[in-house]
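**Student:** On the provided structure of chain U, position chain P as indicated by the hints.
Taken in order, these protein sequences are the chains called U and P. Heads up, the first sequence is in the numbering used here, so the first residue is 19 and it goes up one at a time. Heads up, the second sequence is in the numbering used here, so the first residue is -6 and it goes up one at a time.
It is worth saying that the hints were derived from the structure and are not from the lab. It is possible that part of the hints are untrue.
[Claimed, not checked] Per label pair, the in silico range of CB-to-CB distance:
(1) P:D95 x U:R181: 56 to 62 Å
(2) U:Q246 x P:A362: 31 to 37 Å
(3) U:D72 x P:E400: 40 to 46 Å
(4) U:R155 x P:R416: 36 to 42 Å
(5) P:R93 x U:R181: 55 to 61 Å
(6) P:R205 x U:P127: 38 to 44 Å
(7) P:V88 x U:R155: 46 to 52 Å
(8) U:A183 x P:E281: 27 to 33 Å
(9) U:E229 x P:R372: 22 to 28 Å
(10) U:P127 x P:D176: 54 to 60 Å
(11) P:R416 x U:R181: 28 to 34 Å
(12) P:A220 x U:D261: 53 to 59 Å
(13) P:E396 x U:D157: 44 to 50 Å
(14) U:C265 x P:G378: 16 to 22 Å
Where is the CB? At the ideal position from N, CA and C, for every residue including glycine.
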Amino acid sequence: MPVISPHAFAPPVANDRGSPVPPTLREQVRRLERAHSTQRAGRAAVPLGVAEIDRLLPDGGLLTGALHEIEAGPSPSGRVAAHDGAALAFTAFLIGRLGSGTLLWCRQPSGASDAPPYAPALAGWIDPARLLMVTARRDEDLFWAMEEGLRTPGIAAVVGETRAADPTAGRRLSLAAEKNGVPALLLRGQPAPPQSICATRWRVASAPSPELDRPRWRIELRRNRFGQPSVEEMPSWLLEWNDEARCLSVAPQALDRSAGTPRRERLVG
Amino acid sequence: MRLADSRTLVPDLVTLPAEPLADRRLIETIANWCDRYTPWVAIDPLGDAMAEEGAEACATGGFGGDAGLLLDVTGCGHLFGPGEVGERALLADLVERLSRHDFACRAAMADTAGAAWALARFAETQAALFCPVNGQRDALAALPVDGLRLDKPILETFLKLGLRRIGDLYPLPRAPLSRRFGDQPLTRLDQALGKVGEAIEPRRPPPAFRTRLSFVEPIGRPEDIAAVTSRLLAALCQQFEQAGVGARKLEIALYRVDGSVDRTAIGTSRPNRDNPKLMKLFEQKLGELDPGFGVELMILSAPEVETWTGAQDTLPETAPITANPLGEDGTIDLADRLALRLGAGNVVRLLPRDSHIPERVQTVAPISAPAAADGAWARVASMKGIRPTRLLQRPELVETMAEMPDEPPRRFVWRRHSHRLVRIEGPERIADEWWRPRPGGRIMPPNIVPPVRDYYRVEDDDGGRFWLFRDGPLNGAKWYLHGFCA
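One chain only, chain U, in its complex shape:
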């Protein structure tokens, strides 16, 4: 007859107090958690080329076999963003860092005021000839198309533009991404209810730039699963895209004329 120790039901806090978890064990658990993704995918992470950000990300870059969310954030003054041009550009920048292969881009048309991604601008980050554009009218079709893409060999990345936040679909996408080592990116035109499934969640807002040729973005890393803890509660950077050098770099803060201090928000997830 099995005997259940009364200590088995002790709250975990009590255990922690008794013997602190050694960092090596933490590392081991962390590796176990995503062992399948690092084993199957040849490359585990792709660096962004911005040292300040890469330092915080797991394995020094964007995990390939994972789900990432990019949402268009409110402007520095707190107003709702008029558009997600910056978030779209950041998404294109991220998938442009990945290797060759087809890029599956799924989106929902929005009638007469539809504004699809414009390839001549995307050509700065990716070759639009690699794009496979898919339009789906319903959310479930969009998630299905994304999942099919993740399971297909030869696909470098899958991007989905949707406002729907479906935890089940997110979980499925995350698993499919892990299994095949292909990143899935959800691009949201507006901040969506947070899901605790994605590996990273970014909030991208356009910020005043010194020149129009060098757009600046205010980027917050709102969720960073598996990553390094940051000193700040919510790491945030003002980044500048240099179109000639084709690189993203942290802008000098002195030129930042964004109004007021960034609002303090709790890190979710």
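**Tutor:** Relative to the frame of chain U, chain P by itself:
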């Protein structure tokens, strides 16, 4: 005879309104059902009824009451037995199966469509319905001239002249007959006797490749249907390999026990004969098929095939002429799967176009179209100025406020939100393409200045970047928002 006269003769006469459209549907269902014998099935709308009330019915899309079916069973009889025995068996099988569905039918078989038509309608004995090879001259001789599918006036004249049987026409000299009645009687006679060919136009173009499997016991479970599809597909793929082709379209047809047929088709964006991949496409579609009370026969056909352009045809050393970034197998198959569920127009690739008009630069093309050449997009992007990451399909009118009428605005209102502009770059003047026809179809006259747009890239005090343009002349020009920049 009129209805009133008929009622006088038979007081308890049952009458029903004619339904030409229902007749048409029924005859089409039977024609579908007949696909089991041959892919070459045609509906024969001719009949006595055609001449009078039938013409009206046909005009509204129906068929005359005695429309028939023509089946070209050349080369099909051997499936039922050797030589003439097989053909007789086929005919008997057809009649037997149709009568099981409570259809009274008469079917005849002959070398020519004309002879079979006449025999089916006017043969007096059951044995005469089957006309042996080259026996149509004797078989037709005793039949009435109505069997020749002639126009009503000619028929009436024949009867007045005492030409009652088809055999009566045999000894007549041809030239006077042709002078008196035109070409029709002789043509019809020659067609019936096989001296002149007669084309039977099939309802559905017969596919070059098809496989079939019929079942002793009807099947209905989805797994069984999937298994049979997979077997048929394997057989068809072998045929493809021998012929050196690949399928662009495949169709599976379920012949149900109640006589109806259910079909579904899959399409691929390039010739394909990869059994597992095609099966994967079918798996998406098989769920839509309804086996009804059971399926007794399944036919898999390939209505569209193309010459195989698989990878093994090119030597590994020779690079393909156009590098295809989407060329990897997986992507094309993915596109096929997505297109099957979302529609072909919703799975596209982007192609650049030589144009100055922003909305014309980017076009979409189906996945089967050749991809943009290497570096074509980079060239397009480098030629134009900096472009917005999103382009509105339709530019939206904005309200603007400017200090001076000629100056770019200091503020604009879009969707009821006001944006104060702090940075403006421009203008980039884009003129209309005068060499293209106008919407009305006219080329612009040379003395008129083509409409121009002055594009400005602007940034508001919040860092939002937009692409605005001024349309038309300076005075009273309208401003539009056309895109959102990074």
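**Student:** If you check each hint against the structure, which ones fail?
**Tutor:** 2
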